[in-house]
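Start counting the sequence shown at 515; every next residue gets the next number (our numbering).
Simulated from the structure, these hints should not be mistaken for lab results.
Don't take each hint at face value.
To be verified - Distance windows between CB atoms, simulated: (1) Gly687 with Thr584: 29 to 35 Å; (2) Glu670 with Asp586: 35 to 41 Å; (3) Gly527 with Ala589: 24 to 30 Å; (4) Gly570 with Leu541: 19 to 25 Å; (5) Ala674 with Gly598: 34 to 40 Å; (6) Gln664 with Gly553: 20 to 26 Å; (7) Arg688 with Tyr592: 28 to 34 Å; (8) Gly527 with Asp588: 41 to 47 Å; (9) Pro542 with Thr574: 31 to 37 Å; (10) Gly598 with Gln636: 18 to 24 Å; (11) Trp587 with Gln636: 15 to 21 Å; (12) Gln690 with Ala600: 35 to 41 Å; (13) Tyr592 with Pro550: 31 to 37 Å.
Since the model is a prediction, treat every value here as computed from it, not as a measurement.
Note that the Cβ used here is the ideal one computed from N, Cα and C, for glycine as well.
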Amino acid sequence: MTRSVEAEQDDSGPLWDGGWHQRAHRLPAPNYGERPVQGAQAIDLIVVHSISLPPGEYGTGKVQQLFTNTLDWDAHPYFQSIRGLAVSSHFFIERTGALWQFVSCDQRAWHAGQSAYRDRSQCNDDSIGIELEGLEGLEFEVAQYHMLAQLCRDIEQRYAIEHIAGHEHIAPGRKQDPGP
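Work the whole structure out from these sequences, hints included.
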């Protein structure tokens with residue numbers, strides 16, 4: 515089993531700097547907005563997704579490029595199908611368990627798209643998005659599960675999280691990630 519350096523970092527020092535997790539690689543994305551309601555109490559949902567770019571290829575750095583609008587659309591034929599897509603997530607967990615953050619949790623990332631959960635629409639407004647590097651329906655790595663569990667605990671220390679859902683639960687019929 516491969517363990518990530520990030521998963522074993524020293525836990526001393528503050529965990530959060532505003533909405534930024536201090537143990538994540540910080541790579542600010544331009545794709546975000548203000549939440550309609552401010553404050554930790556307004557955020558009560560974690561949405562888990564899966565992504566790999568190109569699909570099925572891992573460790574390419576292309577997910578980070580997509581979220582920061584630096585992806586070379588001509589670098590792979592698949593990228594033509596997502597050309598111009600402006601999306602982001604709060605967090606991305608690589609296969610190794612390495613943790614990246616693109617948007618402050620106090621801001622609204624663009625990860626959920628058209629969505630509804632608990633009789634509320636626009637899940638980006640009140641959720642934190644976490645992307646796992648992988649393909650929907652396939653297993654993730656143990657290091658990813660460990661990091662995901664720790665990150666959810668860390669988020670719950672700062673925000674009033676009541677629910678954790680998969681993308682398939684907030685956009686049924688449209689999305690299937692992260693899968694069973």
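Comparing the hints with the structure gives:
1. Gly687 with Thr584: 29 to 35 Å: The hinted range 29 to 35 Å holds for Gly687 and Thr584, with Cβ atoms some 32 Å apart.
2. Glu670 with Asp586: 35 to 41 Å: For Glu670 and Asp586 the Cβ distance comes to about 37 Å; the hint holds.
3. Gly527 with Ala589: 24 to 30 Å: About 38 Å separates the Cβ atoms of Gly527 and Ala589, which means 24 to 30 Å is violated.
4. Gly570 with Leu541: 19 to 25 Å: 23 Å, holds
5. Ala674 with Gly598: 34 to 40 Å: About 35 Å separates the Cβ atoms of Ala674 and Gly598, which means 34 to 40 Å holds.
6. Gln664 with Gly553: 20 to 26 Å: 24 Å, holds
7. Arg688 with Tyr592: 28 to 34 Å: Violated, at about 19 Å.
8. Gly527 with Asp588: 41 to 47 Å: 42 Å, holds
9. Pro542 with Thr574: 31 to 37 Å: 20 Å, violated
10. Gly598 with Gln636: 18 to 24 Å: 22 Å, holds
11. Trp587 with Gln636: 15 to 21 Å: 28 Å, violated
12. Gln690 with Ala600: 35 to 41 Å: 22 Å Cβ-Cβ, so the 35 to 41 Å window is violated.
13. Tyr592 with Pro550: 31 to 37 Å: 34 Å, holds
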